[in-house]
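2 protein chains.
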Amino acid sequence: MREKIRIGVDAMGGDFAPKNEIEGALLALDYFKAKGDNSVEICLYGVEEKIRKVSKENNFNLTNLKIVDSPDVIDMHDDPTEILKTKKNSSLYKGLTAVKQKEMEGFVSGGNTGATLATSTVVLGRIPGVSRPTIAAFFPTINPRPTLLLDVGATVDHKSRFLYEFAIMGSIYYKTVYKIENPTVALLNVGEEDSKGTDVLRETYSMLKESNLNFAGNMEGRDILKGSADVIVCDGYVGNVILKFAESFKNVLKTKIKDFASKSVSNKVKAGMALPALKGVFKEFDYQEYGGVPILGVNGISIVGHGSSSAIAVQNMIIRAKELVEFGLVQSIEQSISINSKSN
Amino acid sequence: MREKIRIGVDAMGGDFAPKNEIEGALLALDYFKAKGDNSVEICLYGVEEKIRKVSKENNFNLTNLKIVDSPDVIDMHDDPTEILKTKKNSSLYKGLTAVKQKEMEGFVSGGNTGATLATSTVVLGRIPGVSRPTIAAFFPTINPRPTLLLDVGATVDHKSRFLYEFAIMGSIYYKTVYKIENPTVALLNVGEEDSKGTDVLRETYSMLKESNLNFAGNMEGRDILKGSADVIVCDGYVGNVILKFAESFKNVLKTKIKDFASKSVSNKVKAGMALPALKGVFKEFDYQEYGGVPILGVNGISIVGHGSSSAIAVQNMIIRAKELVEFGLVQSIEQSISINSKSN
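So the sequence lines, in the order shown, correspond to chains A and B. Numbering of the first sequence is given in the working numbering, commencing with residue 83 and proceeding in unit increments. Numbering of the second sequence is given in the working numbering, commencing with residue 83 and proceeding in unit increments.
Keep in mind that the hints were calculated from the coordinates and are not lab data. Treat the hints with care, since some could be wrong.
Claimed, not checked - Straight line, CA to CA, 27 Å or less: simulated DSSO-like cross-link-like pairs of lysine-lysine: (1) LYS350/A to LYS308/A; (2) LYS332/A to LYS241/B; (3) LYS336/B to LYS340/A; (4) LYS326/A to LYS308/B; (5) LYS148/B to LYS169/B; (6) LYS326/B to LYS241/B; (7) LYS336/B to LYS350/A; (8) LYS361/A to LYS361/B; (9) LYS278/A to LYS361/B; (10) LYS340/A to LYS169/B; (11) LYS361/B to LYS365/A; (12) LYS257/B to LYS326/B; (13) LYS169/B to LYS326/A; (14) LYS257/B to LYS308/A; (15) LYS345/B to LYS340/A; (16) LYS169/B to LYS332/A; (17) LYS332/A to LYS332/B; (18) LYS308/A to LYS169/B; (19) LYS332/B to LYS350/A; (20) LYS336/A to LYS336/B; (21) LYS340/A to LYS291/A.
Said to hold, decoys possible - Covered stretches of chain A, going by a simulated chain B footprint (3 or more residues, C-beta under 8 Å): (22) 86–98; (23) 142–154; (24) 243–254; (25) 292–304; (26) 329–337.
Even glycine gets a Cβ: it sits at the ideal position worked out from N, Cα and C.
Chain A on its own, in the form it takes in the complex:
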């Protein structure tokens, strides 16, 4: 018999919690069932009374879900350090503690990213050899596969050792998701020559060249969407700014097309036809489709999604969590960090 994979869901994370979270968990169960896969058990962490009430209102059948009552409620304004001190009975803290204690194999949350990052780091601890956990994001490209950019905001400090570890973790993660042997890894810089950039970037360049990664050299801002490399590494200040810049592009384009439409009847017709075409295109820029991102470098599977995660997004996060457990993400990172730390 296959071993069970137990995934915890933060039923209180996300702007539409617990509705989307419960629905997402049920969708995930359906998905696995349709594949004839009975290995996954899902457990909802949250205020039990609320979970039951919302389920009743929406005709959700809770029979196949476990519920762990977690009465403390985190709100968006809670400081991460406060949560760690005063909200040990929150869904986030209890769910991650269950992962730590091997009662769960993974945990997914659409709650506050900062709080999830901090709580995961403290409760799960870091993988031996990892200096800083990191969060990565996929960007659509003109190729079939997206580019993974990291760090996108977990660590703003600009240090070569951090960037080097991000490269190792990003490479392993890309390998897990896209099942390719040796993803290309590049360093985000202001030009391609190895002399470019800050001292830290030049130092990182040398370290990556010496590593066992498939290092493709320096790349520029335009290479992200071109898909010039599978994994592109930068510090969290740059990565966070690009991620938020990219996410805002859609709205600006929409506004500009509306302005264009308002100028003439002929423009209005053109714009009306343009929007459905763009809708298809922008679906790829929808980060929810990717089903959240793991906090790489912590000693356990913890996945964080957008606050506005839909039920489908929650479903995708659970599927992703199962995949990462099966692949052995944590063990692979530990191994790769250990091998690559000997040379550097």
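Chain A is already provided as a structure; the job is to place chain B on it using the hints.
Relative to chain A, chain B alone:
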């Protein structure tokens, strides 16, 4: 009688030189003439023989343009330090030297940005009080006015004093171009709270808060295209990456729309209508329209444009140069740096 404003044009800079450069100079003369403005004299710096040959082929009338023969030719692979040593008879070096010696009031070039930056810095020198010259770029927003982002690649080093000076120079430049009294200035960061970011960002935040600028606090990547502030300041690593990322967006969108079109006849019709709508929108994302950018912080007017500058872009660079001379950009920066250095 009004004093003459003499603008030098690098006839050898740019991918289509000298054709677009000569044509752009003639367009600028027409533009000023149509406004009844006889104050501007334009001088072409380049290989005279080539300028005369290309003008003959294209029926360009050189009567109202001066030509200064500059036989040394810079190519895209020339190292900036080499140019400074061995190519003193190049259009770039001679034109900038003319500005230094008050024979010209400004110089415009569509040549290599790195070479123009280095040569401008060495030949013109820095404005007293300026640590590092900077290059800024306009981004279209959902508002009528664009956002000015700087630095976009002149200085990758992340130091609070540099960022602070960029803010001062950006504010003055925005004021010149958009004729508004007190442009808002923000610091690009990973969150809005003043505790966010690196030590350097927190230090810069305090300095900007104490300055006489219209400081609007920290802003995030999404605020650039939103137009949340007139001027947004960051280090050259971040700025360069965002600029190149934004420029690549158009091509990715085009590729994605073509993929969409190829899927069905109905998609093809929709996409065919979408493209003209997008063309209008992307015109605003065309950095050429803005007519190049000045190298801020050097002791003279030096404007750099895209290598692929069209004749219209060259015309706009000349018009912009004249505007900056009239406004007294250099003097205004010197004054503002001096006032704001007392408090910091």
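Hint consistency between LYS278/A and LYS361/B [alpha-carbon to alpha-carbon, up to 27 Å]: Roughly 34 Å between the alpha carbons, so the hint for LYS278/A and LYS361/B is violated.
Check of the region 142–154 of chain A against chain B for coverage (Cβ-Cβ below 8 Å, three residues minimum): violated (count 0)
Pairwise hint evaluation, LYS340/A against LYS345/B, where the allowed Cα distance is 27 Å at most: 26 Å, holds
Given hint LYS332/A paired with LYS169/B - CA-CA distance at most 27 Å: 46 Å, violated
Proximity test - 8 Å, beta-carbon atoms, the region 243–254 of chain A to chain B, at least three hits: With 0 residues close enough to chain B, the hint is violated.
Restraint check for LYS169/B with LYS326/A, where alpha carbons must lie at most 27 Å apart: 43 Å, violated
Given coverage of the region 292–304 of chain A by chain B, checked by CB-CB distance under 8 Å (3 or more): holds (count 3)
Given pair status - LYS336/B, LYS336/A, alpha carbons within 27 Å: Holds, because 16 Å separates the two Cα atoms, which is no more than 27 Å.
LYS332/B paired with LYS350/A [C-alpha distance capped at 27 Å]: 21 Å, holds
Holds or violated: LYS332/A to LYS241/B, with C-alpha atoms at most 27 Å apart: 32 Å, violated
Given pair status - LYS350/A, LYS336/B, alpha carbons within 27 Å: 20 Å, holds
Agreement of LYS340/A and LYS291/A with the hint, judged by alpha carbon distance not exceeding 27 Å: 48 Å, violated
Consistency note: the structure conflicts with the earlier hints numbered 1, 2, 9, 10, 13, 14, 16, 18, 21, 22, 23 and 24.
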